[in-house]
Amino acid sequence: MYEQSLGVLIVEDEVLLAVELEFLLEEAGLHSVGHAMSSTEAVTLAHDLNPDLALVDVHLCDGPTGVDVARKIHDDCGAVALFMTANVKRLPDDFAGACGVIGKPYSSHGVKTALEYLTICMRQGQAPGPAPIGLTLSPQYAALWGLDAVMPKAG
Amino acid sequence: MTDLIQSRRAAEALAAGQGSDDPFAAAIGATRMAMIVTDATQADNPIIFANDAFLHLTGYGRDEIIGRNCRFLQGPDTDPAERARLRAAIQAGEDISSEILNYRKNGTSFWNALYISPVRDETGALTHFFASQLDISDKKRTQMMLSDSQHGLEQLVAERTQELTQALEQKTALLHEVDHRVKNNLQLISSLLLLQNRRVSDPAVKAAMRAMLDRVNAIATVHRRLFQSDDVERFDVSAFVRDLVADVMGSSGRNDIEFSLDLERVDVAAAKAAPLALVISELLSNCMRHAFPDGRPGRIFVGIKRTNGDFRIEIADDGVGIESSAKSSGFGLTIIQLLCQQLKAKSETTDAQPGTRVVINLPVNGARP
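These protein sequences, in sequence, are chains B and Y. If you're matching positions, the first sequence starts at 1 in my numbering and goes up one per residue. If you're matching positions, the second sequence starts at 1 in my numbering and goes up one per residue.
Treat the hints with caution; some may be incorrect.
[What the hints assert, rightly or not] 25 Å max Cα-Cα, derived SDA-like pairs, lysine to any residue:
1) B:LYS89 with Y:LEU188
2) B:LYS89 with Y:ALA239
3) B:LYS89 with Y:ALA167
4) Y:LYS305 with Y:CYS340
5) Y:LYS105 with Y:ARG68
6) Y:LYS272 with Y:ILE189
7) B:LYS89 with Y:GLU177
8) Y:LYS305 with Y:ARG357
9) Y:LYS344 with Y:SER285
10) B:LYS72 with B:HIS35
11) Y:LYS140 with Y:GLY59
12) Y:LYS171 with B:HIS59
13) Y:LYS171 with B:THR65
14) B:LYS89 with Y:LEU168
15) Y:LYS140 with Y:MET35
16) Y:LYS272 with B:VAL88
17) Y:LYS206 with B:GLU27
18) B:LYS89 with Y:ALA173
19) B:LYS89 with Y:GLN166
20) Y:LYS344 with Y:VAL359
21) Y:LYS206 with B:VAL19
22) B:LYS89 with Y:ASP267
23) B:LYS89 with Y:VAL232
24) B:LYS89 with Y:SER238
25) B:LYS89 with Y:ALA270
26) B:LYS89 with Y:THR165
27) Y:LYS171 with B:LEU91
28) Y:LYS206 with Y:SER251
29) Y:LYS171 with B:GLY63
30) Y:LYS206 with B:GLY29
31) Y:LYS344 with Y:GLU314
32) B:LYS89 with Y:ASP179
33) B:LYS89 with Y:LEU174
34) Y:LYS206 with B:GLU22
35) Y:LYS206 with Y:HIS290
36) Y:LYS139 with Y:LEU153
37) Y:LYS272 with Y:THR349
38) Y:LYS139 with Y:THR108
39) B:LYS89 with Y:GLU169
Hints are computed from structural coordinates only; laboratory data are not their basis. Quick caveat, the model's predicted, so the values are computed rather than measured.
Chain B on its own, in the form it takes in the complex:
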């Protein structure tokens, strides 16, 4: 599973952030398959492009719809969703099916480290260690990737 470089859908209404994210993805060994700015666009692209991973902001250009987007991408498209938001505290307890969250404002190093870490988790089905600073895993994914004994450090 996930032998090739992971394909990533960026769901972000700030274009400059999205463009910079694409560079960071490449540097971390992943690649962008598309960019959505609204919830409908995000769900359509997730269906059409079959990304491995979706980076989802909570506030999109049609409102705070990112949580629903993450749930649909997780439930219907079989992709792994990861929140990237300034509203970490407002996420539902189950992370809407997403694997975790990177809090904004993030540093480029923080994002690259988190993406490299997630790549290993997804490829091996097993975390190589506790989550790096800046990345918080959802309880479900922490358990799935064998971290239930060691709680990841909140970043």
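Starting from the known structure of chain B, fit chain Y onto it as the hints suggest.
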């Protein structure tokens, strides 16, 4: 009229039984407490005696009430449940006390503290009822006013509480909104710097932009940390340093530089968080940029502890030393000096032989003891 005659006879019999010069009868006749006696042996239990105080209280003449049942005292607003309770006690021949709304002859009402007790003869047969009445309208009025004002107060408190709860909710929502915008804008600023940095080829410009990016990142880390804790007014300096070091170390790509940390938990006021973070970030960046040129490996130590009255922040490296490093970063040093001035902190740079040691002493005033 037969009833009336019968009642008068009964009254005479009562008086005869007690003797007309009986001092108890005289006392009852003269007391200020309203009192009546009814004849329980006659149909409908009529009044056969009423003292002057009763006539004065109710406004009736004696002739108007002798021979009548005392329910004429009741009126439209008399509580039916209390009436039923009185009726039941009288029927059962039991004593009862009640606070009941009664009416005078002129139609005005008064609160009556009524006490009725049965009177029995030697054989135990019920012969009379004795009843005393006391006007407690003043007491009732005070009671009602108290209960009204208490109710009013409770309502006021409830309204005020709701207002405050609403205000708090609004404040919290606003705080979240502002926090969200600050973080997003910081992210935007850092993305702008990163994007432009990717296009710049001049190494000097690239270095200057990189330094600026580090500063923005330091402020961004402050904001990420500030709202993570429940206390938005305090800032955990050591937690910040841990984040910052992880970031600086990771993004430098220098595996040959080792970090050692000795961090006590130290909180400063949120207002001081950004300037202090900038100072620490600047010092760390200086170490990374200048202490270990040409792949020279080394160590950087960061220590935070509380000394008497001060927070002591130490950043030391074992690199090329103060002589060679100080010249190179004019703007960074200016920032450190200015911010230390703002924080009323003392910065001291010494030769660590090898390397450089910078110690910042920050006064604790206003910080948690």
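Structure-based check of all given hints:
1. B:LYS89 with Y:LEU188: holds (21 Å)
2. B:LYS89 with Y:ALA239: Judged against 25 Å, a Cα distance of about 19 Å means the pair holds.
3. B:LYS89 with Y:ALA167: holds (21 Å)
4. Y:LYS305 with Y:CYS340: holds (18 Å)
5. Y:LYS105 with Y:ARG68: Status holds; Cα separation ~14 Å.
6. Y:LYS272 with Y:ILE189: Holds, at about 21 Å.
7. B:LYS89 with Y:GLU177: holds (12 Å)
8. Y:LYS305 with Y:ARG357: holds (15 Å)
9. Y:LYS344 with Y:SER285: Roughly 22 Å separates the two Cα atoms, so the pair holds.
10. B:LYS72 with B:HIS35: holds (16 Å)
11. Y:LYS140 with Y:GLY59: holds (21 Å)
12. Y:LYS171 with B:HIS59: With Cα atoms ~20 Å apart, LYS171 of chain Y and HIS59 of chain B stay inside 25 Å; holds.
13. Y:LYS171 with B:THR65: holds (23 Å)
14. B:LYS89 with Y:LEU168: It holds: about 18 Å lies between the C-alpha atoms, which stays within 25 Å.
15. Y:LYS140 with Y:MET35: Since the Cα atoms of LYS140 of chain Y and MET35 of chain Y sit roughly 21 Å apart, the hinted pair holds (cutoff 25 Å).
16. Y:LYS272 with B:VAL88: OK: LYS272 of chain Y and VAL88 of chain B at ~24 Å, within 25 Å.
17. Y:LYS206 with B:GLU27: It holds: about 18 Å lies between the C-alpha atoms, which stays within 25 Å.
18. B:LYS89 with Y:ALA173: With a Cα-Cα distance of about 12 Å, the restraint between LYS89 of chain B and ALA173 of chain Y holds, given a limit of 25 Å.
19. B:LYS89 with Y:GLN166: holds (21 Å)
20. Y:LYS344 with Y:VAL359: holds (14 Å)
21. Y:LYS206 with B:VAL19: This hinted pair holds, its Cα atoms lying about 19 Å apart.
22. B:LYS89 with Y:ASP267: holds (22 Å)
23. B:LYS89 with Y:VAL232: Within the cut-off at roughly 14 Å; holds.
24. B:LYS89 with Y:SER238: holds (22 Å)
25. B:LYS89 with Y:ALA270: Holds, at about 19 Å.
26. B:LYS89 with Y:THR165: holds (21 Å)
27. Y:LYS171 with B:LEU91: At roughly 20 Å apart (the allowed maximum being 25 Å), LEU91 of chain B and LYS171 of chain Y satisfy the hint.
28. Y:LYS206 with Y:SER251: holds (15 Å)
29. Y:LYS171 with B:GLY63: Distance of about 21 Å is within 25 Å: holds.
30. Y:LYS206 with B:GLY29: OK: LYS206 of chain Y and GLY29 of chain B at ~24 Å, within 25 Å.
31. Y:LYS344 with Y:GLU314: holds (16 Å)
32. B:LYS89 with Y:ASP179: Answer holds: LYS89 of chain B to ASP179 of chain Y is near 11 Å, not above 25 Å.
33. B:LYS89 with Y:LEU174: holds (15 Å)
34. Y:LYS206 with B:GLU22: holds (20 Å)
35. Y:LYS206 with Y:HIS290: holds (16 Å)
36. Y:LYS139 with Y:LEU153: At roughly 21 Å apart (the allowed maximum being 25 Å), LEU153 of chain Y and LYS139 of chain Y satisfy the hint.
37. Y:LYS272 with Y:THR349: holds (22 Å)
38. Y:LYS139 with Y:THR108: Holds, at roughly 17 Å.
39. B:LYS89 with Y:GLU169: Between LYS89 of chain B and GLU169 of chain Y the Cα gap is close to 16 Å, so the pair holds against 25 Å.
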